[in-house]
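For reference, the chains in residue letters:
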Amino acid sequence: MITLLTRSIFFIAVLLSVLFFSFNYQHIRIDTNLNDLNPEKIADVGLKSALKTLSQDISHRFVVVVKGNNTDQVGAASQALQRALNALPGLKVISDQTVQQNYLHALSPYRFNLLSDNQRQALEDKSPQLLANDALRKLYQLGDGFRVIPFEQDPLGWFSAYVLSQFDDLDVASDTFSQNRKNVTSFVVSFSEYPQSLDEQESLYQLIKARETAVRNKFHVSVLHSGMFFFAVDSAQSAKADIQLIAVGSIIGILLLMIAIFRSLLPLFLSLSSIAIGISFGVLSSLYVFGSIHILTVVFGASLIGIVVDYSLHYFYHYLSHPQDERIRGRTNTTLFRAMLLSVLTSLIGYGALGLSDLLILKKVALFSCTGLVMAWLSVMVLGPFATRRPIHARQAALRQIIAGCRAVFARHPQRLAVTGLVLACAAGVFLFAGQAETNDDPRRFFHVSPTLLEQEQKVAQLTQIYEAGRYLLIHGQTPAAIFDSLNSMYALLGDESKSLSSVLDWLPAPESQVKNYQLQHALYSEDGVLDIFTTRIGLPKSEFTDLKTAYKEAKGKTLDFTALMKQLPSLPPLWIESENTIYSFALIRKDSDLNKIAAVSRDVDGVQYVNTLANASAALKAQRVTGSQLLLLAYVLIALMLAGYYRKLSTIFLLLIPLTASAITLTAVSLLGQSITVFHIMALFLVLGLGMDYIIFAKEMAAQRETTQQAIMLSAVTSLLSFGLLAFSSMPIVQAFGSTILIGNTINFIAAISLFNEQKKSQERRPHVR
Amino acid sequence: MQIARCYQVLLAGLLFLCMAVPSVFANPKGESEIALLTNLFPQNCHFSGQFLQKKNVEGLPIPLHSTGDFFFSCDLGLIWHTQEPFREAILYVNSSNNFRVHEDGSLTPLTGVTRYIMSNVFVKLLKGDTQYFVDEFAIKLADDNTSVELKPESDFMKKGIDSIRFQKNDSDELGITLLVDVTDVTGQVTHVSIDKIRAYQIEGKRGAFEQCEKLYSDNSAWCQVLRSPAHIRR
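One line per chain: the protein sequences are A and B, in this order. Under the numbering used here, the first residue of the first sequence carries the number 1, and numbering increases by one thereafter. Under the numbering used here, the first residue of the second sequence carries the number 1, and numbering increases by one thereafter.
Chain B extracted, bound-state conformation (with noise of 0.2 Å):
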């Protein structure tokens, strides 16, 4: 069970420093772990980038890389979608909604080992909920003075995940990138790199649906989930 739940946190993990990444951008050298910890959290509501994401498994000789890009707004909530090398949407909504959209299009709610995000960790983070995570990571400048280390505090935390640590990039090629690492405690290591970030200065929820549908033309329901996932539910 509680394995479980700390996969669950891993994976709020890694989410939450993907919604992170405007905020690091703006402060990128908190000197306390509350400064940094604000910092960390969006301040811009609306934003788009893609991820390339490297997984290494204990025990498998070769690492796993993955492509995708996301959008996240916090009146509609995030797609999180893999295009290589599979097709794969996750559209986090809010704590009672959250689906897998499979390849073929069809739509699956998350439900058993994702309840956790959903109702807890993934809730907070979109909610802003400071207090929650200073009480959950230890949060500081790793000794590269580079990036930014969470480490658990709670024995629940330490049960599932190692550290987790990112780090911001800035250059004239790629613009600015994060990278996130992600130790669990079996050893597994993930990579993300966010990239290409775009924030936008939008209004409310229609105006975050419109930009939603001009990301994924292809795939406008994915935005009407997001928008009315209780319709999706009936």
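Chain A extracted, bound-state conformation (with noise of 0.2 Å):
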């Protein structure tokens, strides 16, 4: 059944994964991004990726906000904690000064492309002379006449106007010092270098902790923080916690039960290998496809030593429920080989129906899963023979007493358990349709955040925040043109709402105003323009001002675009992203703006879309909980062909209603304990079909040894539920809903398969190895 080469092969690639993961083991990323959890129902490559490229940008910055009673105190703090953070590797603060600076460098050479509404307006309105007089007052004013390049450069002050204006309208700095709050100062910082590894992420989180604590406590001060760098944190401390109860639950659970059980250290290590061989080869496959392995497939996947072990499990009752001489004449292998085949083929469509999701989450869970658990069987089928070559033994005694107080309280009267299972299901099938149990869509509510990050990260927003969460607009466009063509007719539809948007127009006109915009300076920098009159005014030579004509002439043609701007300005967010062949720019919308209006106006506007990603995500996750449900069916519908196929028995197909009472009364019991039905208890129902119908193929195909099949039966379910059991105690909400529905499921399939198959022709059991 297992070939030779297949053989070859399994050594080798165990070979190789052992090199790999004895040279490469610190390349290893766990991932903590927790957009994963996001559907995917992007179909446009250009548009996935920019915005990919405004979420890891999002995800790599965070803010510091410190408040105190003293001005001088909090300045001091802030200044203080700026430079401690600046210290740490990797991590760059972004100063309000430093932005301006790069901001008025990418614009200087550019300035006769630039000017403010007011100043289109007075140079179509007025004459040079009162130009010329306008700029000498400003030059003589008190506490005017500022320049922000040098005044050779500027002498007209219009640049050094345009700027100063441009710094009064945009959010460039970070600071948030104003008369309302002027004991509230913040700053963003950025990741030069995001920590890769959850290591290094601890790291550096205790370090920004102990500065900030150091500052605090030096100051008197309070300092908050915000950002998704320390929601991925927290995440990843729970996920450990998590993958620490279940793997060391579930590998000290099974441990005990194979020693209990076989009292061999063959068993045991066959079981054991099959595990890290498995989750290996799930590891490698999620490296190989994604490039990393997400935290939340590390959590699942722990769940998997409970599966893997059962092959094991499976293949030692195999052996103890055959006679000697069968075993060497061979003529179990084929019965074996079709258990076990059929035993990998269910839990693999359970897993793998999880891929159909388009949660990337459970396409990676799937992934790990599927490729683990072919590996783990392989290992099973392939060392199993090298563990049997001596003889086991088994302590049947116990787990028969067991069975037999199971069968006491179930099986005492099948058709009546039938008929209650039945009674429950479709009663839970009413109470499911007619919409008792309440759904979950919102993304929010599927982690456990704890409460004091939570409570910063609303403070923050209350504080700094001035645009909404998560809304924005989505402008899209072949070229520069089109977008800002898009923009400006999107600001004319919404007149004075417009001041609402802030967008890319707010950085930089369009190049066709900027083109405009240096023809219109031709009346500030011609012969005896503006320039001259007022150069002839102040009292100086014409001849004074000859370099900036020269350079305004040089200047023609030349216009700055946004690409070329953000080089520049690295510490800007990605408003404009150039992928595919499109261009993709976002407009972020102030908080307590008219969004009904906002999103009417945006459906006019060719090449602008609203987007609220809340809702959409909470939408696609609707879909997603109702097209897994229809896939279910599908499922159910599959495996029902497959059942009447191999057994060609249409009667076989009853078997699922096993699986499918275990279902309904699951997510009935879970609705009842106060769980909102999520996608991930649709996904898990896959399992709960699966393993179901794993356990009942094994009591079926195992029939004339029914007493060591219900063992065999038994074994897995324990160790199942085990890990399974300890799922349903994350602190995870989803992980909490996937193993809960996963434990009572099973639970009830467990019942079902040990209860239910009494009534098959018993034959004579020989138990040469049992004592």
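Keep in mind the hints are simulated off the structure, nothing from the lab. There may be inaccurate statements among the hints.
Claimed, not checked - No more than 25 Å apart at the CA atoms, straight line, and that leaves these computed lysine-lysine pairs for DSS-like:
| no. | chain 1 | residue 1 | chain 2 | residue 2 |
| --- | --- | --- | --- | --- |
| 1 | A | Lys-138 | B | Lys-140 |
| 2 | A | Lys-126 | A | Lys-516 |
| 3 | A | Lys-542 | B | Lys-54 |
Both chains are sitting in their own frames, so use the hints and assemble them into the complex.
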């Protein structure tokens, strides 16, 4: 059944993976990006890439707020904290001064292309004499006439006035100092190098915390922070605790179980080897396909231990259930292979179905689990014969007693049990279809976030956030002109409400506008123009600013594009992204804006789309939940066809009533226990189906050795329930949903499997090695 | 943004020193910072004078001279009236109503860059908010023992102002004069000389308004603006 070639490939693969883990373990990247929970419904590759860039940029920044009773203390504390954070590896404080300097530096060479609305109006309405007078007046005025570049480069002060008005309008500074909250200051910190490993993240988080605490104590101020990084670290901490609980709990449980039953190291070795090989290949395949392994994949993957160990148990029980002479003659090989194959196939269908979801995290779990299962199964099939070379003994007396106890409770009246199950399932069905079960598609409720962190986040948002969270306009077009045209149309249609938007237009005029501005400024720098009049009135020769006039002439036809501006302003959010020959731009919406109007107007402008990320994510997750339910039904139909085809008996389809009943009762139970039904509950039902069918097929296939089979099923169920039961105690709602669904569903599967298959013809079992 | 704010602060610093003239005369030898500052604040609520301003702009080979007069009243606000080389007035009323008067008499509300003055420094100054200035500046007698020097202490102020220095002179010919030098971070120096200062003993807003009308009889509308700024807004 397992050919020499398969064995060779298996051993080479194991050897290669051992080498990989020996030399590359430090390069294994554990991903903590929470965006993997957002449904992937974007077909546009360019847009997907643009959104990824935006999301990554947001993830790679955090805001720090310093609050205190005294302005000086707050200022000093902020400066000290900025210095301390800047000194940390991989962190860079974005100072408002740097942003302003970079912005000024980027604009300065293109100053002849830049005009504010008022300046444009003045150039159109006023005579050169009046304009020269205005410039002169400003130069004399108390507190006016400030130049942001050397006077000889901007004697009329037009560029300086433009830049200062931009600084006033733009939120270029991270400092939120204002009259209403003079004791609050904030700044943005970006990651110049994002810590990849969990340890690095945790270490940096502790360093940040230490710096904050030091400043807090020294200056008697309060320090708050907000950013995806902190949520990622918090989630990773929860996930690490879950992983430890599940992995350690499962392994200890399995160790105890295997030693208690077999009292031999060989079966234990096979079980642990299959677990190690399965998990290793799960990790390798994840690294190969996704470049990293997601922390939630590890959490879900840890539960695989309980499934993987089933193959060893099935193998040994198969061995124990057949007489030695049959094994020697190899008669049992076909039966074993068939049972094992069916067993792995049902699990693969269950886990593989997760890959049908649009949630990236479920795809990752599916890949990890399926590759892990295949390799674990293969390891049992290849290594099993080595483990059974020496006689294996099982202590089945205790198991028999437990099963007898279970059967005494459940299997005394199998028909009554079946009818009760069906009645309960019908009642559950009515409960579910009547809409009594509460559902949840809000991704924010998928996580458990520390209350302290959440409180900080809300406080920081109140103090610093001036834009609507998760709502923005997406503008796309083939050329810069198309983007600016769309934005201009949007602004025009919005009228006064356009002040609610913050877009690239606030940073830089469109190339066409720059050309027009340049032409308008001809009035300033032409012969006998405004500059000449100004120069004469001030008492200087006209030749004083010849270089400036030359610079104006040389600037003709040169425009600044947003990509070039962003290169000089790396701290700027990626409001302009070019991908797959398309330009994507984002316009932020200020708080308390008329969102309905903005959304309505966006529908009338080509290339503009109003995006509400939370609503979109919720809608997509709802769609996932509904589609998942439909796919689950499809899986039932496919397995029904497989059963009918395999056994050539239509009545075998009724076997599916077991996982179906388990699923209906489970959903109702978790709902009554206070959980809202999410896409994760639905996806877990695929495993309830897979595992349920695993037991049923095993029970049916090995019907000739009913007692031994029931013991194998019981051990299998115990290990699965141990793993998934531990998941149910996770602090993360999504993991909890997954675990509790499988825990309840699989318990029902198990009860049905050991209680409803007693009418089979009992054959005389021979158990030569059973004591 | 902060460059603009700081320059507004610079302007406010100048204005602040103008307001401080009478108190400096009252106590020129204050020893401590607080004492110096307290003495800088107006003790008389209504006064007028003339100013001569010389601005040295970095990169401009010639200095810019301007002259004019001013009137300050605690009850009304400030008129800063430039006469040469062009005519213009700025009317500082309160934190939300301030105007520029153009040569043709038209009024433009001061917005944008001047907002900070209106809302923060200027209002604090008029209210005599000693603590604010103690927080923002280090105030001491300069090395020459005749000038008082203000150095910004906060990083925010340091971005715009290098120093502010003033000196009181008293001569038979010119009477009491105050020289103010403001140096900003770009090296631009503005010298303001204030003289012919005259204090008024006025009771109430009506008295201040009448004094304003006497001083600016040709431009009594300015005084109306100071008295009823909301009316102008409408």
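> Which earlier hints can't be squared with this structure?
Replying inline: Going through the list in order, the structure violates hint 1 alone and respects the others.
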